[in-house]
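Enquirer: The primary structure of each chain is shown beneath.
There are 2 protein chains.
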Amino acid sequence: MSGEMKEITSRDVDFAKWYTDVCVKADLIDYSSVKGCMIIRPYGYAIWENIQKELDKRFKETGHENVYMPLFIPESLLNKEKDHVEGFAPEVAWVTHGGSEELTERLCVRPTSETLFCEHYANIVKSYRDLPKLYNQWCSVVRWEKTTRPFLRSREFLWQEGHTVHATKEEAMEETLKMLNVYGDFLEDILAIPVIRGKKTEKEKFAGAVDTYTVETMMYNGVALQSGTSHYFGDGFARAFNMTYLDRDNKLQYVHQTSWGMTTRVIGAMIMTHGDDHGLVLPPNIAPIKVVIVPIGKNEDAVLEKSYEIARTLKEKGIDVKVDDREKSPGFRFAENEMKGIPVRIEIGPRDLEKNVCVLHRRDTLEKKEVSLENVLEEVIQLLLEIQENMYLRAKSRRDSMIHRAKTKEEMASVIEEESGFVLAPWCGDKKCEEEIKEEFGITSRCIPLEDALTTDDCICCGRKGKFMVYWGKQY
Amino acid sequence: MSGEMKEITSRDVDFAKWYTDVCVKADLIDYSSVKGCMIIRPYGYAIWENIQKELDKRFKETGHENVYMPLFIPESLLNKEKDHVEGFAPEVAWVTHGGSEELTERLCVRPTSETLFCEHYANIVKSYRDLPKLYNQWCSVVRWEKTTRPFLRSREFLWQEGHTVHATKEEAMEETLKMLNVYGDFLEDILAIPVIRGKKTEKEKFAGAVDTYTVETMMYNGVALQSGTSHYFGDGFARAFNMTYLDRDNKLQYVHQTSWGMTTRVIGAMIMTHGDDHGLVLPPNIAPIKVVIVPIGKNEDAVLEKSYEIARTLKEKGIDVKVDDREKSPGFRFAENEMKGIPVRIEIGPRDLEKNVCVLHRRDTLEKKEVSLENVLEEVIQLLLEIQENMYLRAKSRRDSMIHRAKTKEEMASVIEEESGFVLAPWCGDKKCEEEIKEEFGITSRCIPLEDALTTDDCICCGRKGKFMVYWGKQY
Numbered sequence: 001m002s003g004e005m006k007e008i009t010s011r012d013v014d015f016a017k018w019y020t021d022v023c024v025k026a027d028l029i030d031y032s033s034v035k036g037c038m039i040i041r042p043y044g045y046a047i048w049e050n051i052q053k054e055l056d057k058r059f060k061e062t063g064h065e066n067v068y069m070p071l072f073i074p075e076s077l078l079n080k081e082k083d084h085v086e087g088f089a090p091e092v093a094w095v096t097h098g099g100s101e102e103l104t105e106r107l108c109v110r111p112t113s114e115t116l117f118c119e120h121y122a123n124i125v126k127s128y129r130d131l132p133k134l135y136n137q138w139c140s141v142v143r144w145e146k147t148t149r150p151f152l153r154s155r156e157f158l159w160q161e162g163h164t165v166h167a168t169k170e171e172a173m174e175e176t177l178k179m180l181n182v183y184g185d186f187l188e189d190i191l192a193i194p195v196i197r198g199k200k201t202e203k204e205k206f207a208g209a210v211d212t213y214t215v216e217t218m219m220y221n222g223v224a225l226q227s228g229t230s231h232y233f234g235d236g237f238a239r240a241f242n243m244t245y246l247d248r249d250n251k252l253q254y255v256h257q258t259s260w261g262m263t264t265r266v267i268g269a270m271i272m273t274h275g276d277d278h279g280l281v282l283p284p285n286i287a288p289i290k291v292v293i294v295p296i297g298k299n300e301d302a303v304l305e306k307s308y309e310i311a312r313t314l315k316e317k318g319i320d321v322k323v324d325d326r327e328k329s330p331g332f333r334f335a336e337n338e339m340k341g342i343p344v345r346i347e348i349g350p351r352d353l354e355k356n357v358c359v360l361h362r363r364d365t366l367e368k369k370e371v372s373l374e375n376v377l378e379e380v381i382q383l384l385l386e387i388q389e390n391m392y393l394r395a396k397s398r399r400d401s402m403i404h405r406a407k408t409k410e411e412m413a414s415v416i417e418e419e420s421g422f423v424l425a426p427w428c429g430d431k432k433c434e435e436e437i438k439e440e441f442g443i444t445s446r447c448i449p450l451e452d453a454l455t456t457d458d459c460i461c462c463g464r465k466g467k468f469m470v471y472w473g474k475q476y
Numbered sequence: 001m002s003g004e005m006k007e008i009t010s011r012d013v014d015f016a017k018w019y020t021d022v023c024v025k026a027d028l029i030d031y032s033s034v035k036g037c038m039i040i041r042p043y044g045y046a047i048w049e050n051i052q053k054e055l056d057k058r059f060k061e062t063g064h065e066n067v068y069m070p071l072f073i074p075e076s077l078l079n080k081e082k083d084h085v086e087g088f089a090p091e092v093a094w095v096t097h098g099g100s101e102e103l104t105e106r107l108c109v110r111p112t113s114e115t116l117f118c119e120h121y122a123n124i125v126k127s128y129r130d131l132p133k134l135y136n137q138w139c140s141v142v143r144w145e146k147t148t149r150p151f152l153r154s155r156e157f158l159w160q161e162g163h164t165v166h167a168t169k170e171e172a173m174e175e176t177l178k179m180l181n182v183y184g185d186f187l188e189d190i191l192a193i194p195v196i197r198g199k200k201t202e203k204e205k206f207a208g209a210v211d212t213y214t215v216e217t218m219m220y221n222g223v224a225l226q227s228g229t230s231h232y233f234g235d236g237f238a239r240a241f242n243m244t245y246l247d248r249d250n251k252l253q254y255v256h257q258t259s260w261g262m263t264t265r266v267i268g269a270m271i272m273t274h275g276d277d278h279g280l281v282l283p284p285n286i287a288p289i290k291v292v293i294v295p296i297g298k299n300e301d302a303v304l305e306k307s308y309e310i311a312r313t314l315k316e317k318g319i320d321v322k323v324d325d326r327e328k329s330p331g332f333r334f335a336e337n338e339m340k341g342i343p344v345r346i347e348i349g350p351r352d353l354e355k356n357v358c359v360l361h362r363r364d365t366l367e368k369k370e371v372s373l374e375n376v377l378e379e380v381i382q383l384l385l386e387i388q389e390n391m392y393l394r395a396k397s398r399r400d401s402m403i404h405r406a407k408t409k410e411e412m413a414s415v416i417e418e419e420s421g422f423v424l425a426p427w428c429g430d431k432k433c434e435e436e437i438k439e440e441f442g443i444t445s446r447c448i449p450l451e452d453a454l455t456t457d458d459c460i461c462c463g464r465k466g467k468f469m470v471y472w473g474k475q476y
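The listed protein sequences derive, respectively, from chains R and P.
Take 1 as the starting number for the first sequence in the working numbering and just add one per residue.
Take 1 as the starting number for the second sequence in the working numbering and just add one per residue.
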């Protein structure tokens, strides 16, 4: 890297410091005087816009509609569902005054909007003909966290929250799993992050849910990040909020409900899955700029002209491209574009032009390749596909190599001491064992995987007959 | 209308009641237990999404980037610019507790984000090379209003706020007017609402601005609605927030600043400009559904097939279309789709099919026309263009007929007594006269128009030499 370039901590020296360095130096975020909140800068927000576009398309294709609910929830409304309020009340921000007047009832800033959706659905759903209702909301929510980190844990964050009501338990469960798979496919196909699709234990599930499903991802350092959740609520909220409908036989029934959410946290997941000591590495399918063209030499007209000509050719094919012709050294420009994780760099100088070639540099492996100017479009398209695939496979192979099986506490202890990553171990289903593992090893149950979950091995904790295989790990 | 259909108040009987009836019965909004806030339902939100798409495209084409700032503003930060805090402090919501702990400093929920942008710009702008910065934010803001109405005045509303900083006064002023024209063109070309582009008086300008520009629109009942504003700040905030940069000569300079915003209020403007006693009337350029196809008769296969065939043909040309084949009477379906303001309805029954025709019904004039099934695509495309143009021209001609000139207080008095709409009258520029007019006639200055503003006539209030022509009127 050029001496002018802002350096970052090495990923293997101090992962936490490396992470915040990348967030700041890749111009994703900035801090402000609002403690615990972050500013999402244009480059970070452009990534979020692409995430929104991809998810929103998938939501609409599966029949969902967007709505907007109020930012505030009256205290009495939040209190209506017992488990829910217990889970959220300790971490909400309270509005007590409007202008100079004290409010007669406190309002919390929404930490999540189940209660508002319930009230609305109770109001608009009357008959089986009104079902299902498949709503989603894009908004920001607030949770008063004590310690915060950009994207991962922040007092305010951006997200979408889907809330649906259905006539039957089966339909609601189908929706819960459908949206879990929308999340899983999105993470794998677009963000190139391998996921484990699974179910949370009773201890780890969402406040008020019957079942919580999760897409769990593993970061470069082996730590788990819960990257999206989908909840099946049964009729618990329906009973608390009196959400009923008349069925075909004119009988009053409770609706069955789901909710599911994904947040700006997945930007953190992407950074910590793919990033390296040069900074961010973005999968082509989400990168706001897929190709940067860096003309080299003293701004010769012919080189500049060719650069813009290539840019036009790529743009016509729908490839987001930027020409970086700033009056800075090539080294500086290379380093800065690498910091921002742009998947492909095209380098072109006077001698390349003479030879009718340019150099393609790929961000994921940092490899270079000379290609003929005639083939540049085809080569770039091919390379973007290759990078996307390689990033996924590389992350998956790394993750798989960091999943360790254990059958006894001793094995678990030695794995945890020597390795980072997940431990896959049998569990009897008893909350006490789960708590004991957490106490003893500092790891929590990530999920019971949807595939190959059953086991006949003994519980890793108590030695009684095991029920499920569970992924255990440290979490963000 | 069918007897089953929900009826609304007549527009000419009780305009205010008609307005809220349309908001509710066209499924745009719902109320909740959060006083003064509204739920934006799927159909209302789909309109907002189209507005966002159109505006965002225009912002990006003019070089702007989106960012996201925190929801909260610490009291000390809000207090930094004197005029600004005086304008907003009386109407902000205050967060005083996070979880069970009292905060050491109160945070207000953003009523607008100038102060946060200023702090950020002070942090990231160092040199003339960093300028201009052209940022925009899509978010919700909160103002603790005493009386509220859907879309027009609500304690929380959705908007975009652009905030830019520039090296020179000239550039900042150019930006201010450029964005005013983006708003004006958007309102006229997309929402079919004629606008008056003008400048606010000192009395009516934004808290902290040097100049506020506005796009003023007139509703069906003659009342004014400020539909977008663009502010030139000079270096007032720059001095308060120490926003400086080194110029080409290495001298420290203050930046020059603008901000501009448009809100969900324009949905209200659209309702009140175009709506009628059948409900909403949407301009084709913004309608989420441009064409609804209503098959008539006992769901004969051939009719249904033809309906879906037409739908496919339209969809392929990018026209948003819906087939309404619900088991409801044609009258019910006609009325409900009219309530929702869908620009074109295609009616097709067994006899039409025999004759190889269908009926096109246009929402703006409620006129029908029989067309050959062979030409249906071309006819629909042509009709959508005609409706868009007609809606604009009709609104403009109505508005123009409701602008009344007055040269004396007596003329103003008689105009106000006999007519609704705007009064166009000369003004000397003295705030006292402006206050006197408001006191005496209950109308405020809407704006000094950008075109034909100068006058030599005497001030309508004091009789001294006039300076500007001013539009006066009642406002929402």
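Be aware that one or more of the hints could be misleading.
Repeated chains share a single entry, so a pair holds when one copy, or any two copies, can fit it.
[Stated by the list, open to error] Mimicking DSBU-like on lysine-lysine, the simulated pairs with C-alpha atoms at most 35 Å apart in a straight line are:
| hint | residue 1 | residue 2 |
| --- | --- | --- |
| 1 | Lys203 | Lys369 |
| 2 | Lys146 | Lys35 |
| 3 | Lys467 | Lys25 |
| 4 | Lys369 | Lys82 |
| 5 | Lys126 | Lys53 |
| 6 | Lys146 | Lys126 |
| 7 | Lys306 | Lys146 |
| 8 | Lys317 | Lys57 |
| 9 | Lys126 | Lys306 |
| 10 | Lys396 | Lys438 |
| 11 | Lys369 | Lys438 |
| 12 | Lys438 | Lys322 |
| 13 | Lys25 | Lys133 |
| 14 | Lys467 | Lys298 |
| 15 | Lys146 | Lys409 |
| 16 | Lys251 | Lys368 |
| 17 | Lys25 | Lys169 |
| 18 | Lys355 | Lys407 |
| 19 | Lys317 | Lys467 |
| 20 | Lys169 | Lys474 |
| 21 | Lys465 | Lys126 |
| 22 | Lys82 | Lys169 |
| 23 | Lys474 | Lys25 |
| 24 | Lys317 | Lys133 |
| 25 | Lys355 | Lys178 |
| 26 | Lys53 | Lys17 |
| 27 | Lys467 | Lys315 |
| 28 | Lys169 | Lys328 |
| 29 | Lys178 | Lys317 |
It should be emphasised that the hints constitute simulated quantities derived from the structure, not laboratory data.
For clarity, every value in this text was computed on a predicted model and none was experimentally measured.
Enquirer: When Cα atoms must be at most 35 Å apart, do Lys306 and Lys146 count as within-copy, between-copy, both, or neither?
Expert: neither (53 Å within a copy, 61 Å between copies)
Enquirer: Using 35 Å as the alpha-carbon threshold, which applies to Lys465 and Lys126: within, between, both, or neither?
Expert: So Lys465 and Lys126 fail the 35 Å test inside a copy (47 Å) and across (66 Å) alike.
Enquirer: Given a CA cutoff of 35 Å, do Lys169 and Lys474 count as a within-copy pair, a between-copy pair, both, or neither?
Expert: Within. Shortest intra-copy distance 33 Å satisfies the 35 Å Cα cut-off; inter-copy 54 Å does not.
Enquirer: How would you classify Lys82 and Lys169 at a CA-CA limit of 35 Å: within, between, both, or neither?
Expert: within (21 Å within a copy, 57 Å between copies)
Enquirer: For Lys317 vs Lys467, is the C-alpha pair at or below 35 Å within one copy, between two copies, both, or neither?
Expert: neither (52 Å within a copy, 55 Å between copies)
Enquirer: Measure nothing new, just compare the shortest in-copy and cross-copy C-alpha distances for Lys474 and Lys25 to 35 Å and report within, between, both or neither.
Expert: This pair counts as within: shortest intra-copy Cα distance 27 Å, inter-copy 51 Å.
Enquirer: If the cut is 35 Å between Cα atoms, do Lys317 and Lys57 qualify within a copy, between copies, both or neither?
Expert: Classified as both: same-chain Cα gap 21 Å, cross-chain 19 Å, threshold 35 Å.
Enquirer: Indicate which option fits the pair Lys169, Lys328 if close means a Cα-Cα distance not exceeding 35 Å: within, between, both or neither.
Expert: For Lys169 and Lys328, the Cα distance is within 35 Å only across copies (29 Å; inside one copy 62 Å).
Enquirer: Check Lys396 against Lys438 for me: Cα-Cα at most 35 Å, and say if that holds within a copy, between copies, both or neither.
Expert: within (26 Å within a copy, 70 Å between copies)
Enquirer: Evaluate Lys178 and Lys317 at a C-alpha cut-off of 35 Å and name the case that applies: within, between, both or neither.
Expert: both (32 Å within a copy, 31 Å between copies)
Enquirer: Within, between, both or neither: how does the pair Lys146, Lys126 come out at a Cα-Cα threshold of 35 Å?
Expert: between (42 Å within a copy, 33 Å between copies)
Enquirer: Given identical chains, is Lys126 near Lys306, meaning Cα to Cα at most 35 Å, within a copy, between copies, both, or neither?
Expert: between (64 Å within a copy, 33 Å between copies)
Of the numbered hints listed earlier, those contradicted by the structure are 1, 3, 4, 7, 11, 12, 14, 16, 18, 19, 21, 25, 27.
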